[in-house]
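S.K.: What follows is the residue order along each chain.
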Amino acid sequence: MGLSHDDCMRTTATTPNQREADLIARIKAGERDLFYELIQPYQRTVYAAAFSVLGNASDAEDAAQEAFLKALTHLGQFRAEAKFSTWLVQITLNEARLRIRKDRKGLYSSIDEGGQDDDGEYFPIDYADWRDIPSETLQRKELKEALQRALASLKPIYREVLVLRDIEHLSISETATALDITEASVKTRLLRARLMMRDALAPGFDGSWSVGSPTYKKVRPF
Amino acid sequence: MDEHHIIEISCEHVIQEISNYIDGEITPELRSRIEEHIRGCRHCAAVLDGTTNTLRLIADGRAFDGLFDLPPGFSERLRQRLATHPESA
Numbered sequence: 001m002g003l004s005h006d007d008c009m010r011t012t013a014t015t016p017n018q019r020e021a022d023l024i025a026r027i028k029a030g031e032r033d034l035f036y037e038l039i040q041p042y043q044r045t046v047y048a049a050a051f052s053v054l055g056n057a058s059d060a061e062d063a064a065q066e067a068f069l070k071a072l073t074h075l076g077q078f079r080a081e082a083k084f085s086t087w088l089v090q091i092t093l094n095e096a097r098l099r100i101r102k103d104r105k106g107l108y109s110s111i112d113e114g115g116q117d118d119d120g121e122y123f124p125i126d127y128a129d130w131r132d133i134p135s136e137t138l139q140r141k142e143l144k145e146a147l148q149r150a151l152a153s154l155k156p157i158y159r160e161v162l163v164l165r166d167i168e169h170l171s172i173s174e175t176a177t178a179l180d181i182t183e184a185s186v187k188t189r190l191l192r193a194r195l196m197m198r199d200a201l202a203p204g205f206d207g208s209w210s211v212g213s214p215t216y217k218k219v220r221p222f
Numbered sequence: 223m224d225e226h227h228i229i230e231i232s233c234e235h236v237i238q239e240i241s242n243y244i245d246g247e248i249t250p251e252l253r254s255r256i257e258e259h260i261r262g263c264r265h266c267a268a269v270l271d272g273t274t275n276t277l278r279l280i281a282d283g284r285a286f287d288g289l290f291d292l293p294p295g296f297s298e299r300l301r302q303r304l305a306t307h308p309e310s311a
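Residue numbers (this note's numbering), protein chains in the order written: chain A, 1 to 222; chain B, 223 to 311.
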């Protein structure tokens, strides 16, 4: 059962946050069939969060769906100290990491090592400046493949923060809450993730993905 | 001394702040120092432009070619699972 006409008339006069809080209160009071309406706007973000950890569609769907079921089971524990969407992402990341620990122990040890490498300096490679990116370049198959390869090459702690912040557009504060790390750690990991993505993509933009020199040039003057 | 004098900063310092610079998460004073540095440093200018371009690509929905789009049937499968979940009584 969904929202009745009267409910819709009443809720359209409220803000999205108020409407969400109202939905949560009603579900907690027993109207469990409203849960899908509550989580419907966040399906993509939850799926992307799971994908950022697991790296493939099948596992990401399983983890995302399980995370929604857990959210329903534990909704009574949600205290609105964080945004509901952030709480959902937290559950999803925990679920995805749990699956890795169960199924692929050893392959992704960096996840269990938390903030390892957070403080290490990373200095970007000396590629020549990029030209502006022509719109048609975005359609290039090589670029899409390079982007996906670059994303897959990141260690999970960097991929997670990049996906949440730069693809799903969570704020720094929300990203920190979802990952249960400090805002300073979010910024440090984001810097590393962005520079590594840039280094993975830059050669193509000075060479094969644009008209011009077939090789990239060093620009550092020393 | 020129009251507008800007204290120079190193390439390493600029690179460490590139991400915060793009996000606007730095003080106006540090922003000025970074911009002054970048005007005279091709390496840091290239890193800034490249990182900004990377973020433009990442933010463009076309670039990942649907990688983060929900798989077909995801929502329907979710609704079915929720409907049969014990907590959904």
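Derived from the structure by calculation, the hints contain no laboratory data. Check the hints yourself; a few may be wrong.
Stated by the list, open to error - Below, a sample of chain B positions facing chain A; criterion: calculated Cβ distance under 10 Å:
#: 1; residue: 259
#: 2; residue: 296
#: 3; residue: 307
To be verified - Residues of chain A clear of chain B, computed beta-carbon distances all greater than 12 Å:
#: 4; residue: 16
#: 5; residue: 17
#: 6; residue: 32
#: 7; residue: 45
#: 8; residue: 80
#: 9; residue: 81
#: 10; residue: 181
What the hints assert, rightly or not - Listing some non-contacts, in silico: residues in chain B with all C-beta distances to chain A over 12 Å:
#: 11; residue: 230
#: 12; residue: 234
#: 13; residue: 237
#: 14; residue: 249
#: 15; residue: 250
#: 16; residue: 257
#: 17; residue: 273
#: 18; residue: 291
#: 19; residue: 301
#: 20; residue: 303
Glycine included, each C-beta is placed from N, C-alpha and C at the ideal position.
S.K.: The structure should be examined with respect to each hint, and the outcome stated for every one.
M.R.: A quick look at each hint next to the structure:
no.	hint	in the structure
1	259	violated, 14 Å
2	296	holds, 6 Å
3	307	holds, 5 Å
4	16	holds, 20 Å
5	17	holds, 23 Å
6	32	violated, 5 Å
7	45	violated, 9 Å
8	80	holds, 19 Å
9	81	holds, 22 Å
10	181	holds, 15 Å
11	230	holds, 16 Å
12	234	violated, 7 Å
13	237	violated, 6 Å
14	249	holds, 14 Å
15	250	holds, 18 Å
16	257	holds, 16 Å
17	273	violated, 5 Å
18	291	violated, 7 Å
19	301	violated, 6 Å
20	303	violated, 6 Å
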